[in-house]
Amino acid sequence: MADVRSSRRRRSGPGLAPWLFISPWIFGFVVFTAGPLAFSLYMSFFDWPIVGEREFVGIDNYLTMVMEDPQFWESLWITTKFALLFVPFNIVLSFLMAMLLNLGLKGTGVFRTAFYLPSVISGVALVTIWSWIYSSRYGLLNYLLGLTGIEGPNWLGDPSFAVVAIVIASLWGLGGTMLILLSGLQAIPKELYEAARISGVPGWAQTLFITLPMLGPMLLFAIITSIISAFQQLTIALLLTKGGPLGSTYFFAMYIYDNAFKYFDMGYAAAMSWIMFALVLAMSLLVLKSSAAWVHYEGEVKGKDGANG
Amino acid sequence: MAKTLAYGLLIFLSALFVAPFLWTLITAVKTEAELTAFPPVFWPETWHWENFGIAWTKLPFNTFLMNSVIVVVLSTIGQLFSSSLVAFGFARFRFPGRDLIFIVLLASMMIPWDVKMIPLYMQFNFLGWINTLKPLIVPAWFGEAFFIFLLRQYIMTIPMEIDEAARMDGANAWQIYSRIHLPLMMPALVLVGTFHFMNAWNDYLGPLIFLNDQTKYTLTLGLSLFKGLHEQDTISIAAVTIILCLPPLVLFFVAQRYIMDGSIGSSVKG
Numbered sequence: 016m017a018d019v020r021s022s023r024r025r026r027s028g029p030g031l032a033p034w035l036f037i038s039p040w041i042f043g044f045v046v047f048t049a050g051p052l053a054f055s056l057y058m059s060f061f062d063w064p065i066v067g068e069r070e071f072v073g074i075d076n077y078l079t080m081v082m083e084d085p086q087f088w089e090s091l092w093i094t095t096k097f098a099l100l101f102v103p104f105n106i107v108l109s110f111l112m113a114m115l116l117n118l119g120l121k122g123t124g125v126f127r128t129a130f131y132l133p134s135v136i137s138g139v140a141l142v143t144i145w146s147w148i149y150s151s152r153y154g155l156l157n158y159l160l161g162l163t164g165i166e167g168p169n170w171l172g173d174p175s176f177a178v179v180a181i182v183i184a185s186l187w188g189l190g191g192t193m194l195i196l197l198s199g200l201q202a203i204p205k206e207l208y209e210a211a212r213i214s215g216v217p218g219w220a221q222t223l224f225i226t227l228p229m230l231g232p233m234l235l236f237a238i239i240t241s242i243i244s245a246f247q248q249l250t251i252a253l254l255l256t257k258g259g260p261l262g263s264t265y266f267f268a269m270y271i272y273d274n275a276f277k278y279f280d281m282g283y284a285a286a287m288s289w290i291m292f293a294l295v296l297a298m299s300l301l302v303l304k305s306s307a308a309w310v311h312y313e314g315e316v317k318g319k320d321g322a323n324g
Numbered sequence: 002m003a004k005t006l007a008y009g010l011l012i013f014l015s016a017l018f019v020a021p022f023l024w025t026l027i028t029a030v031k032t033e034a035e036l037t038a039f040p041p042v043f044w045p046e047t048w049h050w051e052n053f054g055i056a057w058t059k060l061p062f063n064t065f066l067m068n069s070v071i072v073v074v075l076s077t078i079g080q081l082f083s084s085s086l087v088a089f090g091f092a093r094f095r096f097p098g099r100d101l102i103f104i105v106l107l108a109s110m111m112i113p114w115d116v117k118m119i120p121l122y123m124q125f126n127f128l129g130w131i132n133t134l135k136p137l138i139v140p141a142w143f144g145e146a147f148f149i150f151l152l153r154q155y156i157m158t159i160p161m162e163i164d165e166a167a168r169m170d171g172a173n174a175w176q177i178y179s180r181i182h183l184p185l186m187m188p189a190l191v192l193v194g195t196f197h198f199m200n201a202w203n204d205y206l207g208p209l210i211f212l213n214d215q216t217k218y219t220l221t222l223g224l225s226l227f228k229g230l231h232e233q234d235t236i237s238i239a240a241v242t243i244i245l246c247l248p249p250l251v252l253f254f255v256a257q258r259y260i261m262d263g264s265i266g267s268s269v270k271g
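Heads up: the sequence lines are chains S and E, in that order. For what it's worth, the working numbering labels the leading residue of the first sequence as 16, then goes sequentially. For what it's worth, the working numbering labels the leading residue of the second sequence as 2, then goes sequentially.
It is worth saying that the hints were derived from the structure and are not from the lab. Quantities reported herein were computed from a predicted structural model and do not represent experimental measurements. Keep in mind that a hint or two might mislead.
[Stated by the list, open to error] Beyond 10 angstroms from chain S on every Cβ pair, some chain E residues (computed): (1) L11; (2) T25; (3) T58; (4) G129.
[To be verified] Just some of the chain E residues that point at chain S, by a computed CB distance under 8 angstroms: (5) K4; (6) K117; (7) P120; (8) T221; (9) I238; (10) F253; (11) V255; (12) Y259.
Every residue gets a Cβ at the ideal spot worked out from N, C-alpha and C, and that includes glycine.
All chains, please: the whole structure from these sequences, using the hints.
Here you go:
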C-alpha cells in the first residue's frame, strides 16, 4: 500500500516537465523582453552614440528632456491629443456598431465581415489607400464632400486637419475592438432584458442599467488596449504625413525613432521610451483603478451607481 | 421603423468600411486618362488587369515577395509550435511559481515595443543579424504572450478526463500534448496562425529597422519604397497595394468562422 502511494506521488509530482513546456517562453522573455528592457533602462543613463565613446550621465537625459527640450513636450502633446480623440471614438463607435450587430437582424454576418475587413490589412497598404482618399486634388473624400457643397480641406497638408486625418484612418481598423465588445454583448443573459421589459423598463434604460454594466470587463479591456495602441501610434503617421505638416503629427513614438535611428542618440531615445512606458502604465492603472466603480464581474446588476461610469 | 433605421445605418457604415478597398481596386485597373479625369471615374471603360503585371516588374517585387513568404511561413510555424507548447505547460501542470510567471506573461503584453526597439536593434546588431531575416523570424519561435494566453484559455475548456485516460494508458506529457491536445486545439491554432500571419505579413516597423539592403526587403518595405520612388505612379501603387492585401483577405475568408465566433472575446474574459 505504502509503495503504491509513494509511486503514485512520484508520478503525479510535476517534476521537470512543466518547466520544459514553458521554457521557450521563459527563454524568449529573458532574451527578447526582460533583457532588452533592463538594458534600455541602463542605456537611458548614458550619453550613448551608436559609434564612439559612451559616457555615464546619470539622470541628465531625463532632465534635458523635461527642462530643455520643447520637442519632447510638443510630441507628447500631439500624442495625447491623438489619444484623446482616438480612444473615445474607437470605444463609442465600436460599441454602437456592436449593438447594431447584436440586434439579430438578417444579414448580420455580412455586415460584421464588412466592419472587420479593414482590420485584416494594415500598415503600408492601409496608409496608401488613405493617402488617396485624403488627396486634395483627386481625393475621393473631397470629391464626395464637394457633391454636398462642402469644400474639403487639404487634409494632410493643413496642420489643423492632419491629426484628425490620422485619427480617421486609425478608426478604420476598429473591427478588432468591435468584435471584442460584440462577444461581450452576446454573453449577457437574455433573461435580464426580458425581466426588464416585463417591468416596463424602456429601451434606453436597459442599455444604461443592464448592457453597460454587464459589458464592463470587456469595455475595460478595450479601453486599456486602445490607450496602449494610441500611445504607440507610429506606422500610420510615419507613412501618411511623415510628421508634417509643420510637425503637427510628429508623434512621441516618432521622436523616439528619430532620436535612435536618425540622430543616433540611443541613450536619449531609451530615456524617452521609458517615459512612454511609465505613462502607458500609469494610465492603464488609473483606468483599472477607476474601473472598480463601474465594472461588475459577478454578473450582478446594480442600479445607478453602476451605470454612471 | 426602427428596423429600417438599423438597416440603413448598417448599410451606410458597411459602405464606409468597404468603399476605400473598392476605390483602390478601381484605381488599379484605370488608364492614365481616367485617373486624372474630373469628376472621378467610378467605373473604368475597360478593366486593365495588365496593370498588375506592369506594376509588379517596376521593382524587384518577386524578391520582396520571396522574403515576405520566408518570414511569414517560418515565423508562423514557430509561433504555433511554441505558443501551443507553452500554453499546454501553463494549462495542464501545477508547479511552484506558476501563477506568478503567468502574471508576468500577461504583464509583458503591456510593454510598448518602443522600449524594446533600441536594445533589440543593438542585440541583433551584436549577433550580426541586422540585414538578415532572422530578427523577424527567430523571436516568434519563443511564443508570444497574447497567443499563449489565448491557447491556454482554450485548453482549459478541454476536459481533464481526457488527459487522465491517456495517462492511464501510459502516455507521457509530450504524447498527451502532441497526440491529443494539438489536434483538439485546431480551431484555436487556426485563429493564432491567422493572426500571426496577418501581423507578420503587414509588419512595417520590424523590417524598417532591421533591414537596410533592398535585396532583403519584405513586401511592405517594397511598397513604401515604391511609393517614394514613383510617387506619381498612382495606378501601379494601387495595383501593388491590392496584391499586398490579397493574402490576408483570402486567409481571413478561410478562417472567418474562427475569428468571428467570439473566441477572441471569451479568451479575454478569463
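So, going through the hints one by one against the coordinates:
1. L11: violated (5 angstroms)
2. T25: Not fine: 5 angstroms to the nearest Cβ puts E/T25 too close to chain S.
3. T58: Fine: 19 angstroms to the nearest Cβ keeps E/T58 off the interface.
4. G129: Label holds. Min Cβ-Cβ 16 angstroms, cutoff 10 angstroms.
5. K4: The hint holds - E/K4 has a Cβ within 8 angstroms of chain S, the shortest such distance being about 7 angstroms.
6. K117: The hint holds - E/K117 has a Cβ within 8 angstroms of chain S, the shortest such distance being about 4 angstroms.
7. P120: Interface hint status for E/P120: holds (4 angstroms vs cutoff 8 angstroms).
8. T221: holds (5 angstroms)
9. I238: holds (6 angstroms)
10. F253: holds (5 angstroms)
11. V255: It is violated, given that the least Cβ distance between E/V255 and chain S is near 12 angstroms, above 8 angstroms.
12. Y259: Violated: closest Cβ of chain S sits about 12 angstroms from E/Y259, beyond 8 angstroms.
Hints 1, 2, 11, 12, counting from the list given before, are not met by this structure.
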